[in-house]
Amino acid sequence: MYSYIGKRVLVAIPTLLIISIFVFSLQKLLPGDPVLALAGEDRDPQTIEYLREKYHLNDPVPVQYIRWVGSALQGDLGISLKTNQPVLKLIGDKLPVTIQLAVMSIAFAFVIGIPMGILAAVKKNTALDYIANVVALSGLSIPNFWLGIMLILLVSVKLGWLPASGYQPFFDDPLRSIQTMLMPAFVLGNALAATLMRHTRSAMLSVLSADYIRTARAKGVSEWAVVLQHTFRNAVLPIVTLSALLFGDLLAGAVLTEQIFTIPGFGKLIVDAVFTRDYAVVQGVVLCTAVGFIVMNLIADVFYVLLNPRMRAAL
Amino acid sequence: MRTAKFLPALVAGALLALPAAATELKIGLQDDADMLDPAQSQTFVGRIVYTALCDKLVDLSPDLKIVPQLATEWAWSDGGKVLTMKLREGVKFHDGTPFNADAVVYDVTRSMTLPESKRKSELKSVEKVEASGEYEVKFTLKSPDVTLLATLSDRAGMMISPTAAKAEGTNFGNKPVCSGPFKFVERVQQDRIVLEKFQDYWNKDNIFIDKVTYLPIPDTTVRLANLRAGDLDMIERVAASDAAAVKADPNLTYQSVVNLGWLAIYFNVGDKATTPIGKDKRLRQAFSLAIDREAANQIVYEGTSVAGDQPFSPQSPWFDKNFPVPARDVEKAKALVKEAGFDRVPVEMIVTNNPVTQQMMQIVQSMVAEAGFDVSLKATEFTTLLDEMTAGNYQVGRSDWSGRADPDGNIHQFLTCKAALNDAKYCNPEVDKLLNAARESPDEAVRKQNYDAAMAIIQDDMPMTWIGHQSWIWAMNKKVTGFVPNPDGMIRLAGVKKAD
Numbered sequence: 001m002y003s004y005i006g007k008r009v010l011v012a013i014p015t016l017l018i019i020s021i022f023v024f025s026l027q028k029l030l031p032g033d034p035v036l037a038l039a040g041e042d043r044d045p046q047t048i049e050y051l052r053e054k055y056h057l058n059d060p061v062p063v064q065y066i067r068w069v070g071s072a073l074q075g076d077l078g079i080s081l082k083t084n085q086p087v088l089k090l091i092g093d094k095l096p097v098t099i100q101l102a103v104m105s106i107a108f109a110f111v112i113g114i115p116m117g118i119l120a121a122v123k124k125n126t127a128l129d130y131i132a133n134v135v136a137l138s139g140l141s142i143p144n145f146w147l148g149i150m151l152i153l154l155v156s157v158k159l160g161w162l163p164a165s166g167y168q169p170f171f172d173d174p175l176r177s178i179q180t181m182l183m184p185a186f187v188l189g190n191a192l193a194a195t196l197m198r199h200t201r202s203a204m205l206s207v208l209s210a211d212y213i214r215t216a217r218a219k220g221v222s223e224w225a226v227v228l229q230h231t232f233r234n235a236v237l238p239i240v241t242l243s244a245l246l247f248g249d250l251l252a253g254a255v256l257t258e259q260i261f262t263i264p265g266f267g268k269l270i271v272d273a274v275f276t277r278d279y280a281v282v283q284g285v286v287l288c289t290a291v292g293f294i295v296m297n298l299i300a301d302v303f304y305v306l307l308n309p310r311m312r313a314a315l
Numbered sequence: 001m002r003t004a005k006f007l008p009a010l011v012a013g014a015l016l017a018l019p020a021a022a023t024e025l026k027i028g029l030q031d032d033a034d035m036l037d038p039a040q041s042q043t044f045v046g047r048i049v050y051t052a053l054c055d056k057l058v059d060l061s062p063d064l065k066i067v068p069q070l071a072t073e074w075a076w077s078d079g080g081k082v083l084t085m086k087l088r089e090g091v092k093f094h095d096g097t098p099f100n101a102d103a104v105v106y107d108v109t110r111s112m113t114l115p116e117s118k119r120k121s122e123l124k125s126v127e128k129v130e131a132s133g134e135y136e137v138k139f140t141l142k143s144p145d146v147t148l149l150a151t152l153s154d155r156a157g158m159m160i161s162p163t164a165a166k167a168e169g170t171n172f173g174n175k176p177v178c179s180g181p182f183k184f185v186e187r188v189q190q191d192r193i194v195l196e197k198f199q200d201y202w203n204k205d206n207i208f209i210d211k212v213t214y215l216p217i218p219d220t221t222v223r224l225a226n227l228r229a230g231d232l233d234m235i236e237r238v239a240a241s242d243a244a245a246v247k248a249d250p251n252l253t254y255q256s257v258v259n260l261g262w263l264a265i266y267f268n269v270g271d272k273a274t275t276p277i278g279k280d281k282r283l284r285q286a287f288s289l290a291i292d293r294e295a296a297n298q299i300v301y302e303g304t305s306v307a308g309d310q311p312f313s314p315q316s317p318w319f320d321k322n323f324p325v326p327a328r329d330v331e332k333a334k335a336l337v338k339e340a341g342f343d344r345v346p347v348e349m350i351v352t353n354n355p356v357t358q359q360m361m362q363i364v365q366s367m368v369a370e371a372g373f374d375v376s377l378k379a380t381e382f383t384t385l386l387d388e389m390t391a392g393n394y395q396v397g398r399s400d401w402s403g404r405a406d407p408d409g410n411i412h413q414f415l416t417c418k419a420a421l422n423d424a425k426y427c428n429p430e431v432d433k434l435l436n437a438a439r440e441s442p443d444e445a446v447r448k449q450n451y452d453a454a455m456a457i458i459q460d461d462m463p464m465t466w467i468g469h470q471s472w473i474w475a476m477n478k479k480v481t482g483f484v485p486n487p488d489g490m491i492r493l494a495g496v497k498k499a500d
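Just so you know, the sequences run in chain order A and B. Per our numbering: the first sequence = residues 1 to 315. Per our numbering: the second sequence = residues 1 to 500.
Each hint should be verified, as a subset may be incorrect.
[Unchecked claim] Listed next, the stretches of chain B that the computed footprint assigns to chain A, with coverage defined by at least 3 CB atoms under 8 Å from CB atoms of chain A:
no., segment
1, 110-119
2, 348-355
3, 433-439
[To be verified] In silico negatives: residues of chain B with every beta carbon more than 12 Å from chain A:
no., residue
4, LYS26
5, LYS92
6, ASP102
7, VAL105
8, ASP191
9, ASN226
10, PRO317
11, LYS321
12, PRO326
13, LYS338
14, PHE342
15, ASP343
16, GLN358
Hints in this document: simulated from the structure, not taken from any laboratory. Here the structure is a predicted model, which means the values were calculated and not measured. Quick reminder that beta carbons are idealized off the backbone N, C-alpha and C, glycines included.
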């Protein structure tokens with residue numbers, strides 16, 4: 001098991017390298033000068049030249065890249081051009097916010113999506129199945145920004161139940177923290193639940209038609225035991241894969257939702273950084289997100305092994 | 001990591017230290033500020049935060065007069081080349097460092113020499129600044145520059161504690177120490193900036209708020225929703241489309257004022273100009289004549305902005321009445337196009353991909369089409385627009401200016417030959433001479449004469465044409481009283497009260 005994980009980590013290194021080269025070159029292709037964006041309305045030529053030298057923006061791109069990789073290997077992701085703060089500190093500030101939002105969103109997605117998917121499969125072609133499908137379809141079709149604004153207007157402005165936006169660190173005030181995150185997590189989770197419901201339904205349906213399920217039923221196993229123990233456990237593998245990918249996605253930040261609920265997470269950080277051409281921040285956040293994806297995939301693989309005895313035997 | 005753990009404790013401590021009935025004001029801003037160092041920062045919202053955090057040598061009154069703040073009186077001498085200022089006594093910075101002439105000399109010199117300083121061009125007329133007494137400073141200029149006072153009413157005149165500045169260097173902005181009515185408590189990037197009342201403030205009897213929290217909320221709808229839900233007490237830059245809703249809400253107060261800035265169309269008339277509209281001023285004049293400024297402003301800004309045709313709004317004392325906002329005249333425009341030898345003129349216009357700007361330009365596009373201009377709009381995000389326009393890689397561009405208190409700041413740097421913001425790439429030695437003369441004379445009548453003379457040439461050459469002036473719009477809870485709108489868009493908290 002450990003050698004399996006070790007191998008996967010080794011494979012991740014070239015992936016990260018390729019991603020970093022890709023992002024670095026793509027950024028340089030963008031029109032727009034970071035220093036010009038930074039120099040503000042007055043665009044003083046002297047300041048522009050000084051900043052360009054200071055951040056080595058006059059060097060050839062490969063030199064800039066090698067310098068960046070060199071520092072990154074020593075744990076230094078550079079300094080934000082906009083705020084003058086170390087990128088690592090910015091990421092450190094945003095990561096807990098993004099993780100909290102991701103965890104709460106995926107929790108919403110699980111709670112809504114999986115039971116709905118199971119029900120839809122078990123009650124296939126009944127009213128319940130159709131309702132679940134309609135709910136899922138609306139979850140997928142309603143844009144996040146619209147749902148977000150509507151929720152704010154209803155829940156915060158009209159009813160006054162939850163704060164309209166903002167963020168409270170979890171360890172400062174857990175209750176308030178959860179209150180501020182409820183609406184954004186629901187908005188994100190609602191869309192994911194739809195995807196999750198559809199996948200759970202089809203995975204369940206394919207297992208439900210298997211021979212061993214008929215055997216279980218013939219043995220007189222209760223229907224819920226058939227569904228949950230025999231069917232769901234076997235249907236869960238594709239759901240795990242999907243969940244890992246969805247969670248990785250959430251770790252990359254949710255731009256629109258963060259913007260609407262004013263949550264200081266990765267999404268907002270990276271969008272601001274792209275618009276001001278704050279290269280070091282874009283680069284740092286993308287790298288961090290890529291690591292997040294790789295870790296999530298690794299976790300999914302480990303789960304496979306834990307959930308599926310056949311794979312354990314193959315190791 | 002240690003700082004991360006320490007900060008919440010610090011905040012909790014600061015909160016506990018506040019008196020029981022502490023009045024907190026929560027203000028929603030459109031963006032997050034950049035670094036909070038007056039010498040290095042660039043953002044408009046940063047200036048709003050400074051208004052509470054850092055006092056300036058002089059301030060700007062709502063009728064745009066320069067009024068005392070840390071300097072109590074001043075005088076020009078030596079033909080406008082020397083400015084002597086008397087300073088307020090008994091003022092302290094938030095860290096207890098006394099404010100005096102040495103502090104002014106240190107701060108102004110820092111803004112002039114710090115390599116990262118973005119105030120250098122604003123202060124470039126200053127030769128040296130020296131203490132001529134414990135509470136008196138003398139600015140000696142390279143050439144007369146009456147705009148210096150207005151410059152000192154903004155970031156270049158903000159006083160920071162020399163003790164903190166020496167200790168923190170370029171990182172001063174992470175923990176700013178000034179002498180304003182409120183002192184810095186904490187900042188969470190893209191989330192909030194918290195300030196609390198400075199108990200030793202020289203004008204503390206006029207400060208009725210104990211704690212101010214600034215929250216950046218970029219979406220205008222969400223900002224307003226937060227105000228209505230009671231999570232905010234005040235918001236800036238309310239969208240024009242929300243103005244009616246705010247006015248109709250019995251719980252909210254609406255305040256607005258026409259700002260110092262402008263909305264303009266730039267024509268690239270420089271060496272790279274190869275287009276008919278760049279080469280022939282008759283086409284530019286026709287383009288301008290074909291725009292119904294009144295209608296465009298009414299539609300896009302729902303009556304909150306005013307139409308204009310100069311870098312000064314029609315309400316400004318600097319507005320040249322010889323060039324009133326022109327009524328739309330399609331026939332005359334068509335005749336000018338014909339005179340220039342064209343039937344249809346192709347024009348590519350670069351605009352930012354902001355919905356309001358695009359809406360405005362689509363209206364202009366259809367208006368000028370009637371006069372013979374086939375405008376194709378090229379929408380890009382702001383950084384790219386900036387790059388293209390600075391490099392002169394465009395035909396016609398659309399850009400805004402936030403405005404400066406002194407008229408010089410709204411015209412000189414755009415239309416003099418070597419100016420940094422001359423994106424029209426316009427160069428006319430006569431205009432240079434007039435605009436330089438306007439900056440040198442302390443006599444307002446002489447300045448006005450020079451601006452009017454320059455305006456006559458500019459309206460004829462037309463390297464830029466102005467279309468209007470937006471308003472700053474604020475909305476606040478009815479409990480908040482005493483706020484006075486100022487055309488510079490800042491939120492001054494002296495006199496502002498919040499009922500329980």
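Beyond 12 Å from every chain A Cβ: check whether that's true for LYS26 of chain B. Its Cβ does come within 12 Å of chain A, the nearest being 9 Å, so this is violated.
Would the least Cβ to Cβ distance between ASN226 of chain B and chain A come out above 12 Å? violated (4 Å)
Would the non-interface assignment of ASP102 of chain B survive a Cβ cutoff of 12 Å against chain A? It holds; ASP102 of chain B is separated from chain A by about 26 Å at its closest Cβ, greater than 12 Å.
Are all C-beta atoms of chain A more than 12 Å from that of LYS338 of chain B? holds (37 Å)
Quick check for students: does the CB of GLN358 of chain B sit more than 12 Å from each CB in chain A? Holds, because the least Cβ-Cβ distance between GLN358 of chain B and chain A comes to about 17 Å, which exceeds 12 Å.
Verdict on chain A covering the segment 110-119 of chain B, where coverage means 3 or more residues with a C-beta closer than 8 Å: holds (count 4)
Taking C-beta pairs only, is ASP191 of chain B more than 12 Å away from all of chain A? violated (4 Å)
How about the segment 433-439 of chain B: do at least three of its residues have a C-beta closer than 8 Å to a C-beta of chain A? violated (count 0)
Does the claim that LYS92 of chain B lies outside the interface with chain A hold up, using a Cβ gap greater than 12 Å? holds (27 Å)
Any Cβ of chain A at or closer than 12 Å to PRO317 of chain B, or is the non-interface label fine? At about 23 Å from chain A, PRO317 of chain B clears the 12 Å cut-off, so the statement holds.
Does the claim that PRO326 of chain B lies off the interface hold, with its Cβ farther than 12 Å from every Cβ of chain A? holds (28 Å)
Quick check for students: does the CB of ASP343 of chain B sit more than 12 Å from each CB in chain A? Consistent with the label, ASP343 of chain B stays out of reach of chain A, its closest Cβ about 34 Å off (over 12 Å).
Hints 2, 3, 4, 8, 9 from the list above are not met by this structure, while the remaining hints are.
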